[in-house]
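Could you put together the complete structure from these sequences and hints?
Protein chains in written order, with my numbering: chain A, 1222 to 1597; chain B, 5 to 359.
What the hints contain is simulated information worked out from the structure, not anything from laboratory work. If you're wondering where the values come from, they're calculated on a predicted model, not measured in any experiment. Mixed in with the good hints, there may be bad ones.
[Said to hold, decoys possible] The calculated lysine-lysine pairs, modelled on DSS-like cross-linking and capped at a C-alpha distance of 25 Å, are:
1) B:76 with A:1422
2) A:1270 with A:1474
3) A:1422 with B:75
4) A:1484 with B:80
5) B:76 with A:1580
6) A:1580 with B:129
7) B:227 with A:1580
8) A:1592 with B:227
Residue strings, one per chain:
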Amino acid sequence: MPYLNISHFWGVVVSSRSYADFTPEKVDLHRLEEGPPLTSTLTREDGLKYYRTMQTIRRMELKADQLYKQKIIRGFCHLYDGQEACAVGIEGGITLSDHLITAYRAHGYTLTRGGTVREIMAELTGRREGIAKGKGGSMHMYTKNFYGGNGIVGAQVPLGAGVALACKYLGTDQLCVSLYGDGAANQGQIFETYNMASLWKLPIIFICENNQYGMGTSVERASASTEYYKRGDFIPGLRVDGMDVLCVREATKFAADHCRSGKGPILMELQTYRYHGHSMSDPGVSYRTREEIQEVRSKSDPISMLKDRMLSNNMASVEELKEIDIEVRKEIEDAAQFATTDPEPPLDDLCSHIYANEKSFEVRGATPWTKLTSHS
Amino acid sequence: MASLRSFLRSGKTFVILFVVTSCASVFQVNVRDALNQAMDEELERDERVFLLGEEVAQYDGAYKVSRGLWKKYGDKRIIDTPITEMGFAGIAVGAAFAGLRPICEFMTWNFSMQAIDQVINSAAKTYYMSAGFQTVPIVFRGPNGSSAGVAAQHSQCFAAWYGHCPGLKVVSPWNSEDARGLLKAAIRDDNPVVFLENEMMYGVPFELSEEMMHKDFVIPIGKAKVERQGTHITLVSHSRCVGFCLDAAAVLAKEGVECEVVNLRTIRPLDVDTIEASVMKTGNLVTVEGGWPQYGVGAEICARIMEGPAFNYLDAPAVRVTGVDIPMPYAKILEDHSVPQIKDIIFSVKKVLNM
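Structural data, given as structure tokens:
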């Protein structure tokens, strides 16, 4: 059969320390009479698509881990494995003509927003075919209607509201999704943005990806209130299980409808988890236990959850999903191969892209005798 | 009049030739109105242009620079913001990402420090980080530098701070011609422009020619102007101090010293060619600025002269006239002695020329 109605479970993490299980409970609402529907229709086609995309993100991030340990990727590398359901579910609730901006844990979003694995990996290895030609790196990848990849914690949130303002100004029915983490959620500029977005009824969905830790600081050590979906105060909010791609999708659709009907901003908290540490320089076990990580992996892994659902409802066969795994693995291998063999950017490119639409001009090099040229 | 009437009644036909001396029309426009008109015309020209900032709409602008614009263009295009610089500067940059052309006003540039991350990290660097994918066509503007009696937290000059950063254009107009032409150029520029005005210049009138009043009058960013030709020494300055240099030059001329006065107009990119050409002509250099000396605009100019061909033409070391290296005091006598005065410029010129 082409599709199946399944009821999905809204999970609530009771405390930041015990990931014992995901007990089905209703979604948490703030200043909302009703929330997203508690049942969702998953088509086989969508199921396979979500599975493939999440698996691609997973494999891509694990490959990045490998390449980083081989010192082929350097600098900052913030991996997204564990959080795949957020990026994929959000994209399932909006369209590519909507807009999205996030912080530095951005590889997954670069993919869901239209980037290819090849150009993402080549950017991580700093090569000329990277999505930012090697000029940006892990934290500065851009594509159409995707504004990065932003390194300064919290700065992306007012930027996202600006994009939303442009949507409203230009009379489109597009919206902007503006993501931030539990660590960023205490940033003053986010509250400034809540205020202006509300005053001006901007079509913005604020999304807090609560993965329980801001670097090494757990939520209860950083925030006087860990109910991030309520922190928007006068902004309606909802909190859902960020490990369940369907929960994320339904919540996003609900939020998008809210925005598009001119009601102004809305805030979503996605409860999720990252398997890796904060970045590749963080083993991720000094501030949390290995047992906790293992527990989430075994009980709440987003890909396993979707896989089990599809298998137990006869929406796909084991072989079929294995086939997808093999294809994804190949795609990642090819991309990694490309990313390690593609040449580095030409030195001529060093000073380019300072100004847009400008004729070429001289740039001072490291010494007064080194005269370099900048092209637009 | 009576004789003309009787003449005409007499019926004598006569061809009277009226020779009208067409004096070129000049307009007295103060800097505030020049900025206002520039914004008005650019708002009319391009629907994507809009203005946001504190008090820009219903208050007509804290310094009345945006007077009348809200009445004409309404809430959509002239937006009053809450007092949240970091937030609204970020919103302005995001709007620029998505294809609008915002003018983001800081009530004074001192308040930009609250938002400086958005100016530098979100605006200035993005075109480079994205390898030319994402443009940021935004203008940040507002009054910069010292005012009168507003004390330390409201008197800082940010030319050196913003001038330090690649990816930004930094502009510092002096007179109405500068204000008009450079603001239009800034709004039409596809890059982030920091536009440093001066509150004490807002009310000062200057003559604008008909050509300057034209809707498409723009002054190229990155080009300095020689305001006064001279032979003995070059004075390089920006913003209000340009006027002091011209005043000092007038006094020195009486003693036979002819100063060449260069109005930078743009801090970044710096027009080194014009400065070098002038120094190679005069052999002497004094820079004049309102900002502090350490790591300032004058310091950069002197370093560049040292590193370039003009060094060999110097008859004496280049020196800087700057604001005093202290936070701005309040009492008038103290404030007057915290900023470069005309006598300081004259004194420095004479020292350099060994007079």
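**Study point:** Index of numbered hints that the structure contradicts, given in increasing order
**Key:** 5
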